[in-house]
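A.B. asks: Those protein sequences? They're chains A and V, same order as listed. In this text, residue positions in the first sequence follow the working numbering: the first is 479, and each later residue adds one. In this text, residue positions in the second sequence follow the working numbering: the first is 479, and each later residue adds one.
Derived by calculation from the structure, the hints in this document are not laboratory data. Each hint can be trusted.
Straight line, CA to CA, 30 angstroms or less: simulated DSS-like cross-link-like pairs of lysine-lysine:
1. A:LYS824 x V:LYS740
2. A:LYS824 x V:LYS824
3. V:LYS560 x A:LYS824
4. V:LYS662 x V:LYS690
Residues from chain V that keep clear of chain A, each with C-beta distances beyond 10 angstroms, as calculated:
5. ASP609
6. ASP729
7. PRO875
8. ARG1001
9. ARG1059
10. GLY1118
Just some of the chain V residues that point at chain A, by a computed CB distance under 7 angstroms:
11. LEU598
12. TYR817
13. ASP940
14. TYR1046
Fair warning: this is a prediction, and the values are worked out from it, not measured in the lab. Positions of the beta carbon are idealized from the N, C-alpha and C atoms, including for glycine.
2 protein chains.
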Amino acid sequence: MIRKYTFGKPFPTGAVVRELKAETGPVPYFRVSREEGRVILRLDLSPEEIIFGLGESVRGINKRGHTYRSWNMDITNHTEDKASLYGSHNFLLFYRPDRMIGLYVDDPGLVSFDLGETRLSEAVITSENGDLDLYVIENGSLKETVREFRELIGRSYLPPRWAFGYIQSRWGYTGEENVRAVVKSHREKHIPLDGVCLDIDYMVDFKNFTWKPSAFPDWKRFNEEMKREHIRLIPIIDAGIKQEKGYEPYDTGLARDAFCRKEDGTPFTAAVWPGLCCFPDFLNADARKWFGDLYRPLLEEGVEGFWNDMNEPSLFYSPEALRDCYRQALEQCERVNDYQGMWSLKSSLDGLANSGKDFRSFYHRTEQGRIRHDRVHNLYGAKMVQASAEGIRRCLPGRRYLLFSRSSFTGSHRDGGIWQGDNYSWWEHIRLAMQMMPGLNMCGYLFSGCDLGGFALNTTEDLLARFLQLGVFLPLMRNHSALYTREQEIYRFDSWEKMRDTITVRYALLPFLYSEFMKAALRNEMYFRPLAFDYPEDSRALRVEDQLMLGEDCMIAPIYEQNAGGRYVYLPEDMLMIRFRAAGDYDLIPLEKGDHYLEFGLHEFPLFVRKNRPALLCAGGESTDELDDTSLTALGWMEGAAEYDLYRDDGLQAEPKLEEHLNRIRVEGKPGVFRYTLS
Amino acid sequence: MIRKYTFGKPFPTGAVVRELKAETGPVPYFRVSREEGRVILRLDLSPEEIIFGLGESVRGINKRGHTYRSWNMDITNHTEDKASLYGSHNFLLFYRPDRMIGLYVDDPGLVSFDLGETRLSEAVITSENGDLDLYVIENGSLKETVREFRELIGRSYLPPRWAFGYIQSRWGYTGEENVRAVVKSHREKHIPLDGVCLDIDYMVDFKNFTWKPSAFPDWKRFNEEMKREHIRLIPIIDAGIKQEKGYEPYDTGLARDAFCRKEDGTPFTAAVWPGLCCFPDFLNADARKWFGDLYRPLLEEGVEGFWNDMNEPSLFYSPEALRDCYRQALEQCERVNDYQGMWSLKSSLDGLANSGKDFRSFYHRTEQGRIRHDRVHNLYGAKMVQASAEGIRRCLPGRRYLLFSRSSFTGSHRDGGIWQGDNYSWWEHIRLAMQMMPGLNMCGYLFSGCDLGGFALNTTEDLLARFLQLGVFLPLMRNHSALYTREQEIYRFDSWEKMRDTITVRYALLPFLYSEFMKAALRNEMYFRPLAFDYPEDSRALRVEDQLMLGEDCMIAPIYEQNAGGRYVYLPEDMLMIRFRAAGDYDLIPLEKGDHYLEFGLHEFPLFVRKNRPALLCAGGESTDELDDTSLTALGWMEGAAEYDLYRDDGLQAEPKLEEHLNRIRVEGKPGVFRYTLS
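Put together the whole structure using the sequences plus the hints.
C.D. replies: Put into structure tokens, the structure is as follows:
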């Protein structure tokens, strides 16, 4: 059951696709107050209460004990104290044995969630706008509550099947020679690969929709060459449009009045990679149309996938703020030995980027009239994704496309995936990446992943190996790293063959993982779930923070600690452990319900499968194009026969019907642990 | 067996107290090369090789897989990528079943330890100075190798017994009214307390050895008042001396030529808290004498303990570097829309503090002649500790004093303890604090602890509770926090009574923990050890990263994850778990060797004791003065009788003889788990 409550005049965010009538009575469970325009909800928390949700955010699967702020931010340093990351996903589940509440706060401005930080026994949710729709969802189980929420917000984005292949990326692939060498190394060493991402290096002066003619002399031909190698190029597109006369997107954007404006009517500008930029008014339908059409030339040259970046939006500084800062610097220069003044200058410089003042200084022209940016801030990236998706769909009607974005707000899950932004080459970030997945899935972001190996800082061989092992199960399996960091294509490391073996597991599992993904997406279910969702009566399962259910019947438990020789795993029921070393090299170990310490060498990692359910492996291949899913090996711990519905399609059709693509497979053999070949 | 190898002309650091003759043959195990003045040692690492040591540093107990740099730094953000913290402890143990090597690098300059970061299979140790003594120690077992190293470097500092009491601290206790209120709240609420630290707020303009007359109108009387409450005041002393004519330490320091000088012979100055300061030349014996005597007035007014801070040394900036920076700012102001320039300015400002250039710009006058600071950088804090300790000992001959420092270098473990510096209110930092302890113990830093609750950022109730539980077992049990963060005296939280109960456990265990500490210190043993030291044949124990052996027969396993309902514990043998809630409220649970998932409420935490060995509790008290250790309760899981040697002394004598203070206690009763009252 969903109940909707409306406060003030909410801005229509597009998060929700079902029109509900607002209730007139009081909001159940919560104490609601209005203070200085804000709406504040309070809920007493019992000691055993667990809080799931909030999508992309730091800390654990259980969000209790910290204050989160929905305020999309370009922020690389994802430590446990951070309140905001790149996306806002205002969905929460309050769970305790006698009470389960789903809550969605449909508000595109700043919403803070003090989930027991100030007082362990109280959650305090504050909408700064005070204009919002609140949805309270109660539906028997955690799974069903999420499913009902997902029906409310509409079906998740479906990527093409090739997007489940391994993707190599790096900020620093400057031209086709560079890309060709990377692809050649993968192919020569038989490292499976399906795509290469191009970061901002490919553009002319970081200008969207351009490519360096010297570095990419024939873009179309190069795309074709890559496709012969079964490689898709995936260029980046940023939010800002360089302010430069003669640069077509700038000229046409101005002419179409497609940019956000300041109070005085002039376009708002701020520096990002290209220098001073204007910012498309993605909240305006005309501007979205204009921007979406800018993708056409790239699509016509053969591109089938993009990633959208810097769309929180990220602002390095506005000229106004920088001038203030330099004024301060000039004054400070005369007070040389005043360290407080020096710190204050430092703090002004640090505060230049993404400043609240700048976000309050420009406006959107929407169907609801002119609205100041900060009131709808969290929508910006989502609406960019919508613009891109609509533009791509106009070019490739009926076909799926790859699109993933850094910034997001509920609603954009229908148009694209997201990656988890600029993580670090930290062991801590393997765990964090895993912990974010179920929250993202709750809000419909099924196609997601983290930068494997870590984006910022230097990776190490063992860290990359463990990141890749998590990556085997992430829908988006991308190795990505920042300029000036250690190169992290796997073939640069002593044990690259072992890492290649890890990637072969992904390709062997790909038809099965794709099937699990598509079934979850088409049924409004989660691909990754906290164990609590499947075992709500099991008090131990409720609090497991480092294992996830995957698809219908599997569980993952990544190894995320350096120098670990193994790890603890809690099995909420009997399961088969497949301890992988390579697609064709694994142990099958039946394990009973309960606690286990399991040993894993550096290049070993597990997948767990419920008793009497199969996991399926295909023969693998070096690209998704070459996968043969007509002959499969079923692995299971069986007492009798089992049936599995394998989802298969062409990997490209935009609107597949689930029932038309399910292939019932019957797995039978002698009871016990077995491998069984199907065809 | 210890072998010494000398390269070049090492500076005598004072780390080692035994004079050994240098070997003439090649260094065993290591490939040694000289490259551009550096000395480089290389060692191949087998896959199973574990590396212990390096004292105060980030990451796990097993240091493999990262590059560490011994270069003392004022650095608050202890994330896993950091290479340096406040102290340098160049002792390592390379352990694998067929080989164990202890290595000590006696070099006060920059030494880097690439322990398998660049290549997992190789350790590369680089001395930038190229002048160093190398000690290779091989002695049968990990424990014996450490003991032999500890004999080489001399006996650990012994704090007075009262220093094992609970200490409340905060940057922000501005005057006696403030301190009095904190003490009153503890006493009224029966929260045990033995000391209050005064941070820089107590001084006049942050000038060492001054106190604000308005805030502390009668320092001596206030000390007496506090002592009647069984509270010791523990003021901070920083390294820098404010450059201000008329300020006595500055005037006398100048007159005595006690400050570090630049190339041109003028005193080196840099800004720290008081503004521009001169820096005592602690490497000069005269300057140490002068500085040590500055403690006398405070001691005469009743102070018995100090903490030494900012002694890496921390430099906010030198006037020269700041001028360069402002010059850059002025130039940049004319290129307003050049974000690279803006970033470069930001990076210059960020680089002002603790810059290598500044550390290369001043000199020490030593018995070995004038030496540039960077060549001996890591000695600075240790020599400040030596100066303080010598000064205090001159005033309080034959008596123990409390002294703990932020910066350290092997050798200073004989003169004082250390705290782990400015941590954060992060869950991650509970674990890190624990993981640093055994490495510190290896180098003789037995009296140590972290800022409980976290120094920077806001703590939360549950975080503080879990920090305190670790603190129960840390020799230095101090709650400390930074200005502008949430106040974190325990009585400010809803569940303060439960936290008080946690502190009562410390006081009940205090005679036992003190006994274990003193025995370890007087025997050159470790108070905290990795499990590997006690169970080197147990491949599981070798890799345990979140449990520590404590004293002769105990083990701790702190809970360091938010919202955890328990944790996994590996028992390398049968042990009794004492699950504490309060001094008089605990469960006794015998557990068999192996893996266990153990449940702990937020205010529950365990101590494990080997079978047939007792842990002892006294009746507790609200200060160490009031503890009654004449009647003790023994807790154990016994098969028969057991004997325990309880160390007891007056808690103050400077040179206790171990044998004179051991009291043999015989514990007997019916086999099984029991409580047994002794008197």
